[in-house]
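K.L.:
Chains as they are written, first to last, in the working numbering: chain A, 484 to 912; chain B, 484 to 912.
Please keep in mind that the hints were generated in silico from the structure rather than gathered at the bench. Treat the hints with care, since some could be wrong.
The list treats identical chains as interchangeable, and a pair is accepted whether it falls inside one copy or across any two copies.
As a list, the in silico BS3-like pairs of lysine-lysine whose alpha-carbon atoms are at most 27 Å apart [stated by the list, open to error]:
hint, residue 1, residue 2
1, K747, K708
2, K723, K502
3, K502, K601
4, K708, K577
5, K868, K601
Being a predicted model, the structure only gives us computed values, none of them experimental.
2 protein chains.
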Amino acid sequence: MVPHLRTALKGALSDLELKMMDATPMIERWFRMEWQEHTPPFYSSVDVRNSGIKFAPIDTNLFPGSFNHLAEELYPLATQAAMAAVEKYCPDAKNLLLIPEDSRQNQRYLQNVDHLAKVLRLTGLNVRLGSTSPEITEPTAVDVGNGQSLIFEPLHFNGRRLTLDNGQFDPCTILLNDDLSNGVPEILRNIHEQILLPPLHAGWTTRRKSTHFSIYDAVVKRFAKFLDIDPWLINALHAKVSDVDFSNPDFVNGLAQTAEAMLKKIAKKYKEYGISDKPFLMLKPDAGTKGIGVTTIYSADDIRELSNKNCGASCLLKNGLAAADILLQEGVPTIETVRSSSAEPVVYMIDRYVVGGFYRSNEQRGLDENLNSTGMQFTPMPFVKQSERSLSDLNTAHNRFYSYGVIGRLAMLAASLELEQTDPNPDFL
Amino acid sequence: MVPHLRTALKGALSDLELKMMDATPMIERWFRMEWQEHTPPFYSSVDVRNSGIKFAPIDTNLFPGSFNHLAEELYPLATQAAMAAVEKYCPDAKNLLLIPEDSRQNQRYLQNVDHLAKVLRLTGLNVRLGSTSPEITEPTAVDVGNGQSLIFEPLHFNGRRLTLDNGQFDPCTILLNDDLSNGVPEILRNIHEQILLPPLHAGWTTRRKSTHFSIYDAVVKRFAKFLDIDPWLINALHAKVSDVDFSNPDFVNGLAQTAEAMLKKIAKKYKEYGISDKPFLMLKPDAGTKGIGVTTIYSADDIRELSNKNCGASCLLKNGLAAADILLQEGVPTIETVRSSSAEPVVYMIDRYVVGGFYRSNEQRGLDENLNSTGMQFTPMPFVKQSERSLSDLNTAHNRFYSYGVIGRLAMLAASLELEQTDPNPDFL
Numbered sequence: 484m485v486p487h488l489r490t491a492l493k494g495a496l497s498d499l500e501l502k503m504m505d506a507t508p509m510i511e512r513w514f515r516m517e518w519q520e521h522t523p524p525f526y527s528s529v530d531v532r533n534s535g536i537k538f539a540p541i542d543t544n545l546f547p548g549s550f551n552h553l554a555e556e557l558y559p560l561a562t563q564a565a566m567a568a569v570e571k572y573c574p575d576a577k578n579l580l581l582i583p584e585d586s587r588q589n590q591r592y593l594q595n596v597d598h599l600a601k602v603l604r605l606t607g608l609n610v611r612l613g614s615t616s617p618e619i620t621e622p623t624a625v626d627v628g629n630g631q632s633l634i635f636e637p638l639h640f641n642g643r644r645l646t647l648d649n650g651q652f653d654p655c656t657i658l659l660n661d662d663l664s665n666g667v668p669e670i671l672r673n674i675h676e677q678i679l680l681p682p683l684h685a686g687w688t689t690r691r692k693s694t695h696f697s698i699y700d701a702v703v704k705r706f707a708k709f710l711d712i713d714p715w716l717i718n719a720l721h722a723k724v725s726d727v728d729f730s731n732p733d734f735v736n737g738l739a740q741t742a743e744a745m746l747k748k749i750a751k752k753y754k755e756y757g758i759s760d761k762p763f764l765m766l767k768p769d770a771g772t773k774g775i776g777v778t779t780i781y782s783a784d785d786i787r788e789l790s791n792k793n794c795g796a797s798c799l800l801k802n803g804l805a806a807a808d809i810l811l812q813e814g815v816p817t818i819e820t821v822r823s824s825s826a827e828p829v830v831y832m833i834d835r836y837v838v839g840g841f842y843r844s845n846e847q848r849g850l851d852e853n854l855n856s857t858g859m860q861f862t863p864m865p866f867v868k869q870s871e872r873s874l875s876d877l878n879t880a881h882n883r884f885y886s887y888g889v890i891g892r893l894a895m896l897a898a899s900l901e902l903e904q905t906d907p908n909p910d911f912l
Numbered sequence: 484m485v486p487h488l489r490t491a492l493k494g495a496l497s498d499l500e501l502k503m504m505d506a507t508p509m510i511e512r513w514f515r516m517e518w519q520e521h522t523p524p525f526y527s528s529v530d531v532r533n534s535g536i537k538f539a540p541i542d543t544n545l546f547p548g549s550f551n552h553l554a555e556e557l558y559p560l561a562t563q564a565a566m567a568a569v570e571k572y573c574p575d576a577k578n579l580l581l582i583p584e585d586s587r588q589n590q591r592y593l594q595n596v597d598h599l600a601k602v603l604r605l606t607g608l609n610v611r612l613g614s615t616s617p618e619i620t621e622p623t624a625v626d627v628g629n630g631q632s633l634i635f636e637p638l639h640f641n642g643r644r645l646t647l648d649n650g651q652f653d654p655c656t657i658l659l660n661d662d663l664s665n666g667v668p669e670i671l672r673n674i675h676e677q678i679l680l681p682p683l684h685a686g687w688t689t690r691r692k693s694t695h696f697s698i699y700d701a702v703v704k705r706f707a708k709f710l711d712i713d714p715w716l717i718n719a720l721h722a723k724v725s726d727v728d729f730s731n732p733d734f735v736n737g738l739a740q741t742a743e744a745m746l747k748k749i750a751k752k753y754k755e756y757g758i759s760d761k762p763f764l765m766l767k768p769d770a771g772t773k774g775i776g777v778t779t780i781y782s783a784d785d786i787r788e789l790s791n792k793n794c795g796a797s798c799l800l801k802n803g804l805a806a807a808d809i810l811l812q813e814g815v816p817t818i819e820t821v822r823s824s825s826a827e828p829v830v831y832m833i834d835r836y837v838v839g840g841f842y843r844s845n846e847q848r849g850l851d852e853n854l855n856s857t858g859m860q861f862t863p864m865p866f867v868k869q870s871e872r873s874l875s876d877l878n879t880a881h882n883r884f885y886s887y888g889v890i891g892r893l894a895m896l897a898a899s900l901e902l903e904q905t906d907p908n909p910d911f912l
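Next comes chain A alone, as it looks inside the complex:
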């Protein structure tokens, strides 16, 4: 089930959209069967690109940080999904501890935390915020910027349980909203009696994009066979390149060759589908998020130029993680625009439910660029109302968000498998 949200997309439905819409009952069944075997992450968000010919997920986030950009009317859906997720782990829960990242200066992020906490409170749980910052030694009000404030409380770990308020607030479930780009806080390392969601290995200290997208390849292979489509239509080619060293000519040549081989593969696909665009790649750090260090590559020369700039890992990634490895990913140009700016849909999921979406747009960036950067703006997607579902208007008669919901869930399913496969303490049943 994918809620009928209003997309900005105009024009005729693509063959792929039509195929997915027509196959809806089969696709929904396919996902239901998958969830019999695998456990979805507590929450996730997926950046999707739609070139008009193909769709692909380009980033899968297991600590979504923009709940404040979902249309408010979608909150009950998110709350109901969160309730279903919580009761799976802790039916007897009264309390939920939410641990945000330590970004107390970032009001945009704090508004996300505020909205997420509201959605969770509507389940009927007591929700309080715990801070991993050593600076928080007592309950501290933090200004959210819209007249609201959040109370961050110090965490207490007694060797067995993580609590607030000297053990008075003792949660069954701990929900992490910190992607651990800055490492795993010591206090979170020994939680065994309580359920930490998502688990620590969902953070960027463990996760690698190359692992995620390799697993996505396998998911897509099965799904594309089932739907009888070319898997390339819902996937972006990718390659991992290790031991980044732009000062080493051998490394730069190797990277340039890999890039050229990928560009050739894409050109072949473009020819097959009659696409006249110029193929390109996105170069990304293999770990880390928030679009840092993402660069568009059209040719081997672009790679050499990066090296000439003596850019090195530091200009690829500036958030403290070493960009030891990089991911080359097929660039999928976006045909979506919001107020004339290039835009990409972001699909939000809680448990196995699609609970909303919004557009990320950036007027400073082109349709072949990373939009997750300075200047980005967010546009919530509201529900299409029954009264608007005119047959003469393609954008309201059909749920064009459906395809995005399919791609989002395929990436989310890949993340489920990824968390299973990378679990340092797997359950042997």
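Position chain B relative to chain A; hints supplied.
P.N.:
Relative to chain A, chain B alone:
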């Protein structure tokens, strides 16, 4: 979790409302624990009365028939809940067969079917309508009255499975929207390979209000102890009277005595709570729905008057079921009004989720009368928007629908236990 819907209720929060709101995390946990032990009905609706001092469910419907009166913005919530319910029974379902009651002339009812089918289709299931009417021998378009039509198809039973379209449409789940007031259609009697929801014994051929409310007594006893309140505050007294025969003076005297004893009990409670209203009872057939034959009783004389009218069972119940037994139920006056008419909230649930509500009002009826009768009107309850949640406005700052959601779910829990206890083929585990 109870969505924050807009109630018509004005004025200060009652002590009971405040107590429930404050205890929300405990109450939600209580329900979650119950759903670990019991399976909710696929769907249900509960008529609730609020006297300002007390709340009580007065009717629990296991075949809700007014989905068209839910605010449209609540549909995604209903769809998500329906999806959770369906996947519990049939994760591999592609098709869902919906069997409405045979009321093809009743456009109000057909609009309910239309909306219910839309909610179910949004789960991604193929939904088609099967008719139990012998008149439907081929797919037949039925006018819904708003320019829409529904296709009713003949059912086919091959001795093992119920299908449409000569076996082409073979569902895993069959959803019944017929309360079986007119008996169990033969074709539904031998379904064993497929899941029929709700089961046949949820229909009025088996159900008895007295059984339901006796089980509700037991549910309330536990809940009231847990919440530390007087159980009477969330329950209506009731008594079953068998072998109705208004021509027999002994029967009439016995009924009058029972009524008097109940009125005395209520008067005592009224005195305890300083209520100056005059106690009254509702006399109802013990089986059957739609408010047929419901009469307000203020005294033993009112009972004798019924007998003098030589009314008999026929004026109690006119829909073909014999009113062999009747239920005397404490009358709970309603303080709710919509456009100056007496109104009562109706809570809609799918699986264990509250998915919406509306008001039933009736300008021809008083606050001590059955509103489910000629002249009734429906007013959907919309979501309260975040921007409206002003602290200065009690009706938007607090989710006053919450208490109704609690009462609705307590009655729904009682229905779950009722279906377990009345199951003709219980599972022995």
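K.L.:
Give a verdict on every hint.
P.N.:
Going down the list of hints, with the structure as the test:
no., hint, verdict
1, K747 x K708, "within (24 Å within a copy, 72 Å between copies)"
2, K723 x K502, "neither (32 Å within a copy, 58 Å between copies)"
3, K502 x K601, "between (37 Å within a copy, 21 Å between copies)"
4, K708 x K577, "between (44 Å within a copy, 18 Å between copies)"
5, K868 x K601, "both (25 Å within a copy, 13 Å between copies)"
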